[in-house]
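A.B. asks: Single-letter residue listing:
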Amino acid sequence: MANKLLSLENVSAHYVSQQGTRVVRAVDEVTLSLDAGETLGIVGESGSGKSTLALTILRLLPKAARIVGGRIMFEGEDLVDKPAAEMRRVRGKRIAMILQDPMASLNPLFTIGDQVGEPLRVHEGASRSSAWQRAIDLIKSVRIASPQTRVAQFPHEMSGGMRQRIVGAIGMSCEPRLLIADEPTTSLDLTIQAQYLDLLRELQRTHGLALIFITHNLGIVAKMCDQLAVMYAGRVVEQGPVSRVFSQPLHPYTKALLGSIPRMTEEREQLTAIDGQPPDLANLPAGCSFAARCPAAFARCQVEAPPDFTVEPGRSARCWLAAPTVHASIDQTIPLSRSAAS
Amino acid sequence: MKQFIVRRVGYSLLSLFLLSVTIFLFVRVTGDPTTLLVEPGASPEDIENMRHQFGLDQPLWVQYWLFATSFVTGDLGQSFYYRTPVLELYFQRLPNSLQLAAVAMVLSLLIGIPSGILAAVRVGGFWDSAGKTFSLLGLSLPQFWVGLVLILFFSVYLGWLPSSGSGGILHLLMPAFTLGWYFAAAHMRLTRSSMLEVLDSEYVKLARLKGLPEALVIGKHALKNALIPVITLAGINLVVMINVAVVVETVFAWPGIGRLLYEGITFRDFPVVQCVVVLGGSMIIVVNLLVDILYAYIDPRIRLES
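Sequences listed follow chains A and B, in order.
Our numbering puts the first residue of the first sequence at 1, with every later residue one more than the last.
Our numbering puts the first residue of the second sequence at 1, with every later residue one more than the last.
No lab work stands behind these hints, which were simulated from the structure alone.
Glycine included, each C-beta is placed from N, C-alpha and C at the ideal position.
Among these hints, one or two may not hold up.
Quick list of simulated restraints, FRET-style, between CB atoms [what the hints assert, rightly or not]:
(1) B:ALA102 - A:GLN18: 40 to 50 angstroms
(2) B:GLY165 - A:ALA84: 47 to 57 angstroms
(3) A:GLU157 - B:LYS132: 47 to 57 angstroms
(4) B:ARG122 - A:ASN283: 49 to 59 angstroms
(5) A:ASN283 - B:LEU289: 55 to 65 angstroms
(6) A:THR191 - B:SER140: 53 to 63 angstroms
(7) A:GLN18 - B:SER140: 26 to 36 angstroms
(8) B:PRO142 - A:GLY47: 31 to 41 angstroms
(9) B:LEU148 - A:MET103: 35 to 45 angstroms
(10) B:PRO142 - A:MET103: 15 to 25 angstroms
(11) A:ALA145 - B:LEU110: 42 to 52 angstroms
(12) B:PHE17 - A:GLY47: 54 to 64 angstroms
(13) A:VAL23 - B:TRP127: 20 to 30 angstroms
Covered stretches of chain A (in silico footprint by chain B; criterion: 3 or more residues with CB under 8 angstroms from a CB of chain B, positions within the stretch not fixed) [what the hints assert, rightly or not]:
(14) 91 to 103
(15) 110 to 124
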């Protein structure tokens with residue numbers, strides 16, 4: 001664990017209502033890790049806690065939410081109890097993030113150069129003119145033509161694809177070690193998407209940065225990522241190397257997700273939709289949160305939530321089916337199966 | 001930009017025409033001015049003479065035509081009561097109204113914008129509640145009552161400020177605060193709500209993700225966007241303040257155009273009422289036009305869309 005760039009240990013972030021009566025477990029007991037230069041894909045349906053997890057890492061949760069437990073180790077430091085002023089110097093400098101809506105994430109009243117150069121001025125104390133010069137270089141590095149003119153323009157003078165490149169340039173401006181991209185291509189059309197993904201990969205390679213890619217597009221995961229974490233109802237239900245998870249999914253939810261992608265290879269194929277709705281995060285069932293929708297659920301799933309079973313190094317799943325020996329484990333208590341897992 | 005301005009000017013002229021027709025008809029609904037102006041016991045012939053002298057015996061459309069054509073040449077007629085050109089009366093009083101409105105505006109912005117920002121940044125906290133109370137009182141307390149209470153405290157009990165009339169800065173304080181409180185409340189509420197909306201935007205989120213200090217996030221990224229509607233409102237309100245201080249000017253005996261309008265209505269002095277209302281309306285229309293243009297200048301998106 002020591003040489004990991006980022007490792008999350010049992011991180012939970014909950015929304016608590018003003019009276020304290022309603023607790024929404026948006027991110028629950030998440031354990032993840034990422035090496036320098038590696039790409040981790042996080043997939044899951046809307047509301048599964050992907051974006052909240054990203055904001056948890058950056059400690060920029062909305063006011064109603066807070067981190068209630070766990071450690072977020074980044075380059076050997078725990079971000080959870082870092083003072084606010086020091087945390088601010090991590091954002092944009094060591095960990096950057098790209099938001100999903102390029103049309104809304106640039107300030108309409110300031111020039112591109114101002115907005116791209118801003119992190120340099122704040123984190124590196126660059127002067128106005130040197131920040132402007134470096135903004136031009138950054139705009140060029142995200143392959144936007146005529147950066148000299150573009151730098152003085154306003155966001156509304158650019159297309160969605162260009163704006164998202166600008167947001168990428170802002171993310172790269174201080175050469176962070178980790179870039180979190182929250183569905184960065186969702187609002188772009190397909191050809192622009194492909195170009196943007198290529199660009200991200202190229203930037204990643206040249207700067208050796210680690211990437212967390214939040215998406216609900218498994219095709220993008222296959223193309224971009226080394227590691228995959230599948231989130232469901234605030235928890236990571238399965239994780240491991242992308243190729244292993246794709247070829248041999250352990251969790252029925254992962255299987256269902258993979259079954260819901262249309263393939264071009266076969267003539268006709270039944271796409272599987274997952275019946276039912278994700279559970280209410282303020283009122284989670286006693287057992288496994290996927291049990292109600294799970295085709296493979298059995299009695300134990302309804303009463304007892306499965307722990308995170310490590311199946312092989314770097315690969316784990318929160319499912320009783322992934323327990324070392326399914327039948328033996330039915331009688332085991334959770335602490336025992338945890339020790340078996342570790 | 002040129003086409004944008006031309007179109008806006010066209011709309012403005014149309015508004016001015018509708019306003020002049022409306023006030024022209026409304027003021028004539030109040031009754032016959034001659035009955036207030038003739039001496040007691042005047043004969044019907046005397047009254048008829050006076051009506052003829054003022055042109056009130058002609059058909060309405062003729063009267064309007066005369067009013068409109070002379071208005072275009074800059075002549076607004078003579079006061080029935082004072083028998084002097086109404087413009088003269090108007091420009092005697094206007095500087096006082098301008099002075100009052102300017103001080104009231106400065107007060108309202110100095111109070112409204114910072115307290116609006118504070119309320120939005122500390123939403124749900126003490127300063128938010130304090131601001132809400134302040135603005136609720138400002139919007140709902142009648143100005144004549146606020147004025148009278150101020151006079152009671154600062155003039156009668158404490159003897160610090162003069163209760164009425166014009167003169168030095170001391171005379172201005174109470175009327176300006178009475179007039180400005182309402183607008184401070186309006187400016188505060190708009191700053192707060194527009195700030196809250198902007199603070200929730202993606203670009204403010206990105207500004208925080210960049211690691212900018214909170215002062216820069218709020219003072220630069222949020223504030224400039226949030227102030228756009230406040231500038232619009234303040235620009236219009238300045239002119240509104242000049243023209244709606246009727247109650248405040250009456251309570252504090254402040255010799256502005258509000259008092260002139262009040263007197264004009266009391267005496268059915270049609271040219272005075274028409275003059276104050278049409279010139280006030282013109283001011284509001286012109287300022288709306290200027291604000292639109294200024295707005296287009298600040299916000300580059302509007303500049304290009306037109």
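A.B. asks: Confirm or reject each hint.
C.D. replies: Status of the hints after comparison with the structure:
In this structure the hint that B:ALA102 and A:GLN18 lie 40 to 50 angstroms apart at CB holds, the actual value being about 43 angstroms. With their beta carbons about 55 angstroms apart, B:GLY165 and A:ALA84 fall inside the hinted range of 47 to 57 angstroms. Range check, A:GLU157 to B:LYS132: about 40 angstroms between beta-carbon atoms, so the 47 to 57 angstroms window is missed. With their beta carbons about 32 angstroms apart, B:ARG122 and A:ASN283 fall outside the hinted range of 49 to 59 angstroms.
Restraint check, A:ASN283 to B:LEU289: a C-beta distance of roughly 56 angstroms satisfies the suggested window 55 to 65 angstroms. The hint said 53 to 63 angstroms for the Cβ distance between A:THR191 and B:SER140, and at roughly 58 angstroms that hint holds. Between A:GLN18 and B:SER140 the CB atoms are about 28 angstroms apart, so this pair conforms to the stated range of 26 to 36 angstroms. Between B:PRO142 and A:GLY47 the CB atoms are about 50 angstroms apart, so this pair departs from the stated range of 31 to 41 angstroms.
About 53 angstroms separates the C-beta atoms of B:LEU148 and A:MET103, a value inconsistent with the hinted range of 35 to 45 angstroms. Evaluation of the 15 to 25 angstroms hint for B:PRO142 and A:MET103 yields a failure: the beta carbon distance comes to about 46 angstroms. For the hinted restraint 42 to 52 angstroms between A:ALA145 and B:LEU110, the CB-CB distance of approximately 48 angstroms keeps it satisfied. The hinted range of 54 to 64 angstroms is satisfied by B:PHE17 and A:GLY47, whose Cβ atoms lie roughly 56 angstroms apart.
In this structure the supplied range 20 to 30 angstroms holds for A:VAL23 paired with B:TRP127, their Cβ-Cβ distance being about 28 angstroms. Using a Cβ-Cβ cut-off of 8 angstroms, 7 residues of the stretch 91 to 103 of chain A lie near chain B, which meets the minimum of three, so the contact claim holds. Look at the stretch 110 to 124 of chain A against chain B: 5 of its residues bring a Cβ nearer than 8 angstroms to a Cβ of that chain, three or more, so the hint holds.
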